[in-house]
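In order, the protein sequences belong to chains A and B. 142 is the number that our numbering gives to position 142 of the first sequence; each next residue is one higher, with no gaps. 200 is the number that our numbering gives to position 200 of the second sequence; each next residue is one higher, with no gaps.
Calculated directly from the structure, the hints in this document are not laboratory data. What you are looking at is a predicted structure, and each value in this text was computed from that prediction instead of being measured. Think of the CB as a built atom: it goes at the ideal place given N, C-alpha and C, for glycine as much as any other residue. A few of these clues could be false.
Listed below are several chain B residues computed to face chain A (Cβ distance under 10 Å; list not exhaustive) [to be verified]:
1. 17
2. 71
3. 341
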Amino acid sequence: MSSVLSAFKPSALSAGGGSGHTSVNDLAIRVGTVNGSGSQSANLVLLRALKGMGIPCSGKNVFPSNIEGLPTWFHIRASERGYVGHRLDTPVLVCMNEPTAADDVRLLLPGSVCFYRSDFKEDLRHVRDDVTFFAVPFADLAEEAFPAVAGDKAYRDKLRKVVNMVYVGVVATACGIEMDEVREAIRREFPGRKAKAADINIRAAEAGAAWADVNIPANFPYRVARLDATREQILIEGNKAAALGVLFGGASVLTWYPITPSSSLAEYAETFLKEHRTRPDGKRTFSVIQAEDELAAVGMAVGAGWAGARAITATSGPGISLMTEFVGLAYFAEIPVTIVDVQRMGPSTGLPTRTNQGDIVKLHMLGHGDCRHIVLIPGSVAECFSFTAEALDLAAQFQTPVFVATDLDLGMNLWLSDPFAYPDKPLTHGKVLNADDLERLGQFERYRDVDGDGVCYRTLPGTEHPIAAYFTRGTGHNERSGYSERPEDWKRNLDRLARKLQTARTKLPAPVIELTSGAKVGLIAFGSSHPSIVEARDVLREQGVATGYCRIRALPAAAEVAEFVAEHERVYVVEQNRDGQVCSLLRSQLEGTLDDRLISVTHYNGTPISAENIVKPILDWEKNFSEHTTLTNGNGQPAETSKAGVSSE
Amino acid sequence: MSRDDTQVLVESPGSTTALPLLAFQGLQSTLCKGCGHNSITSALIDACKSVGLDPYYTIKMSGIGCSSKTPAYFLQYSHGFNTLHGRMPSVATGALVANQRLTCIGISGDGDTANIGMGQFKHACRRNVQVVYLIEDNGCYGLTKGQFSATADLHSHLRRETGEENTMPPFDLCLEAIAAGATYVARSFAGDRKQLLPLLKAALRHKGTAVLDIISPCVTFNDFASSTKSWEWAKNHEEPLQEIGFVRRLPEIEVEQQAGKTTRVQLHDGEWITLRALSHEEHDVTNKAGAMRFLVESQERGEFLTGLMYIDTKRPDFVDMQGMCETPLALLEESDLRPGPEVLQDIMAHV
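If we strip away everything but chain A, and leave its shape as in the complex, we get:
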């Protein structure tokens, strides 16, 4: 795998001092371990220590669908330039799991460094001669730091976990991560009653550090140094951020069914709600229901939304499939409900612990017949928070299902963020008439467009007025909600629903557009691709390709997106799915020949998208445009390349 982007140049590490140059604050570490071995704590300690040193950083858990025993990897990145997207070319590898070690070593760029367990049966040094190896006696160091306690039957199991903290000490010392920050991060990882475990783990890390002091040359080429870029920042996963959105969005009913990667969202939300929405008398201002399946989860949310609660459910792709019929009903009967989809890799059970953006267009059109839905697409943890809260308002305001589309990368990995801002708008309950309103108006028709914006008035069960009640139905209905099969009633209703979506379109989070003067190339992306787009744009600029950038934050796409396309000769639509879903959607909506300007760039192997996944295909295309301009096919497309676009490997 060749790199077109790395700011660092891999350099051979010589024990005797030597020639290689050292990269500072451009660090990427890949740790290969075994699921269930407690490595998550070790990795979080490294990440928190980097944050403590004020260096922009990110951590990604690339894990299997398994509780214990299968290989798992953790990627840690620290970047002075603030790049926190996934990075393919990690120059530092830690191998704790022998079955995957050799393959992991083969992926390294020349000049990389590999730490591995000295008790592996195979000596990894035979795999490559252009990588520097350190065989670390992890087991011995762990046992020294945490000697066997007589009678402790769980000792071997504990030791297996303590071993991981040894590599924290080794890597920290080699790379210049300050041990004081490591100690603080360990204390944070094992707080309160776990203080004893914290002591053991600190001793383990110190044992690793002491070994590294003696055995790692001082000219270790991949180092970090203290910065001041993260002082006020928080480290949080998107699911926890969205759970805070549930809390501060004023959700009152949360229904869910366990499914990776959305389960932790519901579980965090339940914890937050219990803590902050329980009154002194112990009574709750919310209800959380774990349903029997996603059908029931969304059914309960629809019922609650119909009766006036602020209802939300969270799921992933397969759950969305089960929710489809209810979403069609809620769209047509006009019932507020918020659905968070933490996308994972499909189809089918697919790769349940890997990330993807494959549900986007499905969410937008979910249902049977003519359905179109509002989809909010957070591109950061801060937006996971604010969009989830906002979705609850939009659902109430427009009496319709509203989706929040995040993904596993955003939802389950830790991201740095500025602290979240408190919502600046009061909660919206939408157009709800009470008994006094009805008395004053003298009439009520549930589906009459009184205000001309496509949004009608509704009443809630429990409204004490003879004209309050109406019959909610998924069948064809007239403005009074009476059953109707009349063609004009049906069409008028569907047209009004389209008008309602147009009203909503201007109230959704606007695209974030960054224009670059003179840039002929535009990039459109959304969601968790954002950090890698930021990095890719810098690399493209260094390679002579200036780009504008439009980050879509909601569907239906705002008018500004078409304007953005019009301002560029070529627009690459970058997304994490095979078929370029959003690219297709935009093509179908752009007027004139603007759709010819779109080129799809896709990434869909289950790993988070990296800058390299974006830069490489775009540079390949750009080569065509600069070298073979005479070969274009009249649509501005290179004749020898399919319009379907390109994907990264």
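Since the structure of chain A is already known, use the hints to place chain B on it.
Showing chain B alone in chain A's frame:
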């Protein structure tokens, strides 16, 4: 419709209101003439009036099918929701959690409950969601022209005497309901208004899931002589278990007089169900294992027993178990729903 100025006293949360009779009526039924469902609707309207049910605080929920159309035919002052096929229980659960002041009448059919909706039905029973769950049971799919449902009896015939034979045994929905945790389970017959009325009244006052499996003949597709879901067969074979009474307050003297003859069960708000055994005197409606055994044995004997099969007045209902504040969630204001900025600040300092 003739105009009737009669007022019905209803008990709203916190007050008593007089409402006109028409509040309890609905649109003209569009079901077939003679459909058992219409008889049930009529009994249901009388039961609602009789117990003083407040239509403003009642919701009518249904799934899909002929049965599920009936919420349009009664309680026009009540909000109704014709949901999805087999999914009414989840919608009802959500609505009741949003507003626990509501009384929920759920209307379903045998296909809607025993086929597509068995999962949600049983989970609603398991949660003891406070729904009066009526199954208008005719053993077939009326709206799609007479296919078998999962309550069709073994060896029954499709649409006519000579129709295709059903080779699958039926679900006994009373048995399924009891097994799943429902706390009021009865079987009745659309043609037995005398029994249906007190069963409905008591169900409306019961706290928890009240399941009534009501045999309701489909006059178009399943009303031939040999059909066990036909008017004729049901009339000739129905064996009411008990003479059932529903009384608000039982005068003390009556208690003494009936002692020994009548079983009484007191409901949550103090009303009583009185049961005088007509047959199967040994049946104890409060014994879960006994009720299940009783149902299995009567099914084996091919009997059509109606009456109250099982009741448990102790088990808390689902909404009570949620520990919610008194104000319905649907009516909470921003101050209740959104913690202040200091809470967010504090969380931000500690994530």
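task = Could you tell me which of the numbered hints above are not met by this structure, giving the numbers in increasing order?
result = none
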